[in-house]
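There are 2 protein chains.
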Amino acid sequence: VSPRTGRRAGESGTEAAILDAARRSFAEYGYDRATIRGIAASAGVDPALVHHFYGTKEKLFVAATRFPRVPSEVLKEIFESSDERLGEDLVRTLLRILEDPEARAPVIGLLRSAMTNEGAARMLREFITDAILTLVTRRAEPDDAALRASLVASQIVGLGLTRFVLEIEPIASASVDDLAVAIGPTIQRYLTGEVRGDR
Amino acid sequence: VSPRTGRRAGESGTEAAILDAARRSFAEYGYDRATIRGIAASAGVDPALVHHFYGTKEKLFVAATRFPRVPSEVLKEIFESSDERLGEDLVRTLLRILEDPEARAPVIGLLRSAMTNEGAARMLREFITDAILTLVTRRAEPDDAALRASLVASQIVGLGLTRFVLEIEPIASASVDDLAVAIGPTIQRYLTGEVRGDR
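Keeping their order, the protein sequence lines are chains A and B. Just so we're on the same page, my numbering is the position in the first sequence counted from 1, plus 6. Just so we're on the same page, my numbering is the position in the second sequence counted from 1, plus 6.
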C-alpha cells in the first residue's frame with residue numbers, strides 16, 4: 007500500500023496555497039480544462055514548483071480532493087491481473103481501499119457534491135472518464151473503449167452508493183470477497199465481453 | 007402507459023393535505039415505519055379516506071414523491087417477460103419511463119436528497135428494497151433474494167446516475183436499446199444467474 011497523498015499534517019503554506027487554488031480551479035473549470043499553469047498562477051507560484059510537488063495533474067487532483075490513492079496507479083496494478091480475473095480484482099481492490107472510512111470520506115464527498123453541483127459533476131465525470139478510459143484502452147477495441155469505461159463506471163458508482171450511502175442490505179455489510187464474486191463478472195464482461203449484441 | 011399519479015392539477019385541499027403529511031412522514035420515519043394511520047392523523051382525516059384515495063402505502067408514496075409510475079406495477083409487467091429477457095426488459099422499461107424529463111425529475115430529486123439526507127436515504131433504501139424484493143422473491147431462492155435485489159439496485163442506481171446526473175458518455179446519450187443490450191445481461195445474471203461463486 008502506497009502512502010496517502012493528502013499531506014494534511016506537514017503541509018507548508020505554499021503547498022496549502024497550491025491545493026486551495028487546485029480545488030477552486032477543478033471546481034470552476036472541471037478536470038480537463040483546469041491547468042497546472044492556471045493553478046500555479048492562482049496560487050502565486052511558478053508552475054515548475056507545482057510540477058515539483060505533485061508531478062502530474064492527476065496527482066494534484068488526488069492531493070487536492072484528498073483521494074486515498076492515485077486511481078490510474080490503482081488501475082495499473084489491477085490491469086497486471088490475469089485477463090480472466092480483471093473484474094474481480096477491480097472490485098476487490100477498490101472496495102478494500104474504501105473500507106477505511108477516512109480514505110472513503112473524500113471520495114463519497116465528491117460523489118455527493120456531484121449530485122447537486124454541476125461543477126463537481128463535470129470534475130468527477132472527466133476524471134472518471136480519464137482514469138478508467140486510459141486503462142481500458144490498453145485492452146479493448148478503440149471503438150468500444152469509451153462505452154466499456156462508462157459501463158464500468160456505472161456499476162462501480164452504483165456499488166459505492168449502494169454500499170456506503172444508501173446502505174442497501176446485504177450489499178452494505180457483505181464481505182469484500184462476496185461482492186467481488188457477485189459483481190466481478192459484470193465488470194469482466196464490460197471490460198472484455200460482448201456489450202453491443204450481435205447487431 | 008398508465009396515467010401519471012401526481013395529481014398536481016386537480017388536487018383537492020384534502021388531497022394536498024394528505025400528500026403533505028405523507029411527504030413529512032416518509033421523510034421523518036422512512037418508508038417502512040410511516041403508516042397510513044399516522045399520515046391520516048397528521049393530515050386530520052380518517053385513514054379510510056387515505057385508503058380510498060390512494061389504496062396502498064406504495065401508491066401513496068408514489069403520489070407524494072410524484073414518481074412517474076408505481077414501481078411494483080412496472081416490475082410486475084416486466085416479470086411477465088420470458089425468463090431469458092428479464093434483464094433487457096427491465097433496463098428498457100425503466101429507461102423509457104425516465105426518458106421524459108418531467109417523469110425523471112422527482113426520481114432524480116429523491117436520489118439527490120438521499121445522497122445528503124439520511125431520512126431520504128432510508129426512505130429510498132426501504133422503498134427500493136421493498137419494490138424490487140417483492141418481485142425477485144417470485145423467482146429466486148429465498149436465501150439469495152435480498153442479495154439479488156440489492157445487486158439489481160446497485161446497477162440500476164449506477165446507470166441512472168451515470169446517464170442523467172454525471173452524464174458520462176457514451177452512456178449519457180446512448181439509445182435505450184443499446185443500453186438494454188449492454189446492461190441487460192448484468193441484470194439477468196443478478197436475477198437468475200450465479201452470484202455466490204462455487205464456494
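Since the hints were derived computationally from the structure, they do not count as laboratory data. Heads up, some of the hints might be wrong.
[Claimed, not checked] Cβ pair distances, simulated, as ranges:
(1) A:Glu108 - B:Glu124: 44 to 52 Å
(2) A:Thr198 - B:Ser181: 55 to 63 Å
(3) B:Gly203 - A:Ala47: 32 to 40 Å
(4) B:Asp106 - A:Asp89: 35 to 43 Å
(5) A:Arg118 - B:Ala178: 18 to 26 Å
(6) B:Glu200 - A:Asp106: 24 to 32 Å
(7) A:Thr122 - B:Thr143: 31 to 39 Å
(8) A:Ala22 - B:Arg202: 42 to 50 Å
(9) B:Arg202 - A:Asp52: 26 to 34 Å
(10) B:Ser78 - A:Ser78: 40 to 48 Å
(11) A:Asn123 - B:Ser88: 54 to 62 Å
(12) A:Arg118 - B:Thr20: 33 to 41 Å
(13) A:Thr20 - B:Ala178: 36 to 44 Å
Glycine is no exception: its CB is placed at the ideal position from the N, C-alpha and C atoms.
Hints, one by one, checked against the model:
1. In this structure, Glu108 (chain A) and Glu124 (chain B) break the distance hint of 44 to 52 Å, their C-beta atoms being roughly 20 Å apart.
2. Evaluation of the 55 to 63 Å hint for Thr198 (chain A) and Ser181 (chain B) yields a failure: the beta carbon distance comes to about 23 Å.
3. Distance hint check for Gly203 (chain B) and Ala47 (chain A): the Cβ-Cβ separation is about 53 Å, which falls outside the suggested range of 32 to 40 Å.
4. A C-beta distance of roughly 41 Å is found between Asp106 (chain B) and Asp89 (chain A), which places it inside the suggested range of 35 to 43 Å.
5. The given range of 18 to 26 Å is respected by Arg118 (chain A) and Ala178 (chain B), whose C-beta atoms sit roughly 20 Å from each other.
6. Roughly 30 Å separates the CB atoms of Glu200 (chain B) and Asp106 (chain A), a value that falls within the hinted 24 to 32 Å.
7. Restraint check, Thr122 (chain A) to Thr143 (chain B): a C-beta distance of roughly 35 Å satisfies the suggested window 31 to 39 Å.
8. Look at Ala22 (chain A) against Arg202 (chain B): about 48 Å separates their beta carbons, and that is inside 42 to 50 Å.
9. For Arg202 (chain B) and Asp52 (chain A), the Cβ-Cβ distance of about 56 Å falls outside the hinted range of 26 to 34 Å, so the restraint is violated.
10. In this structure, Ser78 (chain B) and Ser78 (chain A) meet the distance hint of 40 to 48 Å, their C-beta atoms being roughly 43 Å apart.
11. With their beta carbons about 43 Å apart, Asn123 (chain A) and Ser88 (chain B) fall outside the hinted range of 54 to 62 Å.
12. Our hint of 33 to 41 Å for Arg118 (chain A) and Thr20 (chain B) holds, since their Cβ atoms are close to 37 Å apart.
13. Separated by about 39 Å at the C-beta atoms, Thr20 (chain A) and Ala178 (chain B) satisfy the suggested range of 36 to 44 Å.
The structure is inconsistent with the numbered hints 1, 2, 3, 9, 11, although it conforms to all the rest.
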